[in-house]
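All chains should be built: construct the whole structure from the sequences, respecting the hints.
The sequence shown maps to residues 0 to 131 in numbering that gives the first Met the number 0.
Hints were generated in silico from the structure; no laboratory data involved. Incorrect hints may have been included.
As the list claims (entries may be wrong) - With a straight-line cut-off of 30 Å between C-alpha atoms, the simulated DSS-like cross-links for lysine-lysine are:
(1) Lys75 <-> Lys110
(2) Lys75 <-> Lys15
(3) Lys110 <-> Lys15
(4) Lys20 <-> Lys110
(5) Lys20 <-> Lys75
Unchecked claim - Beta-carbon label-pair distances, calculated as ranges:
(6) Arg36 <-> Val109: 19 to 25 Å
(7) Pro47 <-> Pro117: 40 to 46 Å
(8) Ser49 <-> Gln24: 18 to 24 Å
(9) Ser114 <-> Lys75: 14 to 20 Å
(10) Tyr2 <-> Met38: 18 to 24 Å
(11) Ser104 <-> Pro72: 27 to 33 Å
(12) Thr14 <-> Ser106: 32 to 38 Å
(13) Arg36 <-> Arg59: 21 to 27 Å
(14) Lys15 <-> Phe81: 35 to 41 Å
These figures come from a predicted structure and were not determined experimentally. Beta carbons: idealized from backbone N, C-alpha and C, even for Gly.
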Amino acid sequence: MSYLSLVSEFEQVFTKPEWTKNGIQAYPSNFSPTDERPMEYIVLEVLPNSPLMNQFGGERQVAGLFIAQIYIPAEKGSRRVFEISDFLDDVLHTQMLQYTIQTASSSLAVKGNDSQNPALFRADYSVSFNSY
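So this is what it looks like as structure tokens:
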């Protein structure tokens, strides 16, 4: 599996009806939309933490961490963060994505008000993964 394929599989999750029904925009890391970002959105990051390697002469495999940075208006409080995390669990927690990526259990780290925009509250949802 290439690095590009890895990122593409995670990005595809956020184009499916199971996610889009929630009405929360998902942006790739380091992407600035031409339109103004909504006050509630997530930013996707895929962090491979083991080198791609050929297992038994077959496909290259990689393990890593997927992070969704959750941004909501600061005045909404952490309850909305937990709700969005549940939406993320619905599509990512212990799932097989496109038959090549297996995700594990998730975790949530509440970060507080965003340092770049104090009008936003941030939390990081993360899930580890292995490709096969």
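Hint-by-hint comparison with the structure:
Pair hint Lys75 plus Lys110 holds up; C-alpha atoms about 14 Å apart against a cutoff of 30 Å. Of the pairs offered as hints, the one joining Lys75 and Lys15 holds, with about 26 Å between alpha carbons and a cut-off of 30 Å not exceeded. A distance of roughly 28 Å separates the Cα atoms of Lys110 and Lys15; the hinted pair therefore holds under the 30 Å criterion. Restraint check for Lys20 and Lys110: the C-alpha separation of about 26 Å stays at or below 30 Å, so the hint holds.
A threshold of 30 Å between alpha carbons decides the hint, and for Lys20 with Lys75 the separation of about 20 Å falls inside it, so the pair holds. Roughly 20 Å separates the CB atoms of Arg36 and Val109, a value that falls within the hinted 19 to 25 Å. For the pair Pro47 and Pro117, the beta carbons lie near 32 Å from each other, so the given range of 40 to 46 Å is not met. Checked against the given bound of 18 to 24 Å, the beta carbons of Ser49 and Gln24, roughly 30 Å apart, lie outside it.
Hint check: Ser114 to Lys75, Cβ distance near 18 Å, so the stated range 14 to 20 Å holds. Hint check: Tyr2 to Met38, Cβ distance near 32 Å, so the stated range 18 to 24 Å is violated. Checked against the given bound of 27 to 33 Å, the beta carbons of Ser104 and Pro72, roughly 28 Å apart, stay inside it. For Thr14 paired with Ser106, a C-beta distance near 24 Å fails the hint of 32 to 38 Å.
A hinted range of 21 to 27 Å is violated for the C-beta pair Arg36 and Arg59, which are about 35 Å apart. Roughly 22 Å separates the CB atoms of Lys15 and Phe81, a value that falls outside the hinted 35 to 41 Å.
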